[in-house]
Amino acid sequence: MSSNLPYLVTAFRSGNEKGSVLVFEKQNLPFKPQRMFWITDVPRLTKRGGHAHKECSQFIVCVNGTISIDVYGMQDKIILDESSLVGLQVPPMNWIDLRFLRSKSKIVVLCSHEYNESEYIRDFNEFKRILENPV
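Using the working numbering, you'd call the opening residue of the sequence shown number 1354 and step up by one each time.
Hints in this document: simulated from the structure, not taken from any laboratory.
Check before you lean on any hint, since a few could be wrong.
[What the hints assert, rightly or not] Below 25 Å or equal to it, Euclidean Cα-Cα: the simulated BS3-like pairs (lysine-lysine) are:
id : residue 1 : residue 2
1  : K1457     : K1385
2  : K1459     : K1379
3  : K1385     : K1407
4  : K1400     : K1371
5  : K1430     : K1459
6  : K1371     : K1459
7  : K1400     : K1481
8  : K1371     : K1407
9  : K1430     : K1481
10 : K1481     : K1407
11 : K1459     : K1400
12 : K1457     : K1430
13 : K1385     : K1459
[Claimed, not checked] Quick list of the computed label-pair ranges, beta carbon to beta carbon:
id : residue 1 : residue 2 : range
14 : Q1380     : F1477     : 25 to 35 Å
15 : K1400     : N1369     : 17 to 27 Å
16 : S1367     : H1404     : 17 to 27 Å
17 : K1371     : E1467     : 35 to 45 Å
18 : Y1473     : V1416     : 16 to 26 Å
19 : N1478     : K1371     : 50 to 60 Å
20 : D1450     : K1371     : 18 to 28 Å
21 : S1373     : R1482     : 38 to 48 Å
Virtual Cβ for every residue (Gly too), placed ideally from N, Cα, C.
Required output: the full structure, derived from the provided sequences and hints.
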């Protein structure tokens, strides 16, 4: 199991009658984002993720709907929704599965690295072997 498990980061909230602004400042992220993507139009109860990253850290925020995140090695599921004042910081070498619990749920993900398919681990058994026998 990874000793560097994901953790929640709380946003700063400011608001008035015109609406609210939720902010994550640079001190909330242990990396300078190199890539951003969002996942949308996911049918209810669809599972996404199912991989780990060798070097890339990610920061996940749910901006609409509700998602459940299972992290290998953590007992409890993490629930994020649009009313959450938190984002999930996911360090490298954490296997995560996301389930979109409501239709039209959307997440935004900031990444520490540009896309590189070779740094993904998509086979769970390979992931466990790497954890058991680090280089």
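So, going through the hints one by one against the coordinates:
no. : hint                      : verdict
1   : K1457 x K1385             : violated, 29 Å
2   : K1459 x K1379             : holds, 22 Å
3   : K1385 x K1407             : holds, 17 Å
4   : K1400 x K1371             : violated, 35 Å
5   : K1430 x K1459             : holds, 18 Å
6   : K1371 x K1459             : holds, 23 Å
7   : K1400 x K1481             : holds, 20 Å
8   : K1371 x K1407             : violated, 42 Å
9   : K1430 x K1481             : holds, 20 Å
10  : K1481 x K1407             : holds, 12 Å
11  : K1459 x K1400             : holds, 13 Å
12  : K1457 x K1430             : holds, 20 Å
13  : K1385 x K1459             : holds, 22 Å
14  : Q1380 x F1477: 25 to 35 Å : holds, 34 Å
15  : K1400 x N1369: 17 to 27 Å : violated, 39 Å
16  : S1367 x H1404: 17 to 27 Å : violated, 35 Å
17  : K1371 x E1467: 35 to 45 Å : holds, 36 Å
18  : Y1473 x V1416: 16 to 26 Å : holds, 24 Å
19  : N1478 x K1371: 50 to 60 Å : holds, 52 Å
20  : D1450 x K1371: 18 to 28 Å : violated, 38 Å
21  : S1373 x R1482: 38 to 48 Å : holds, 45 Å
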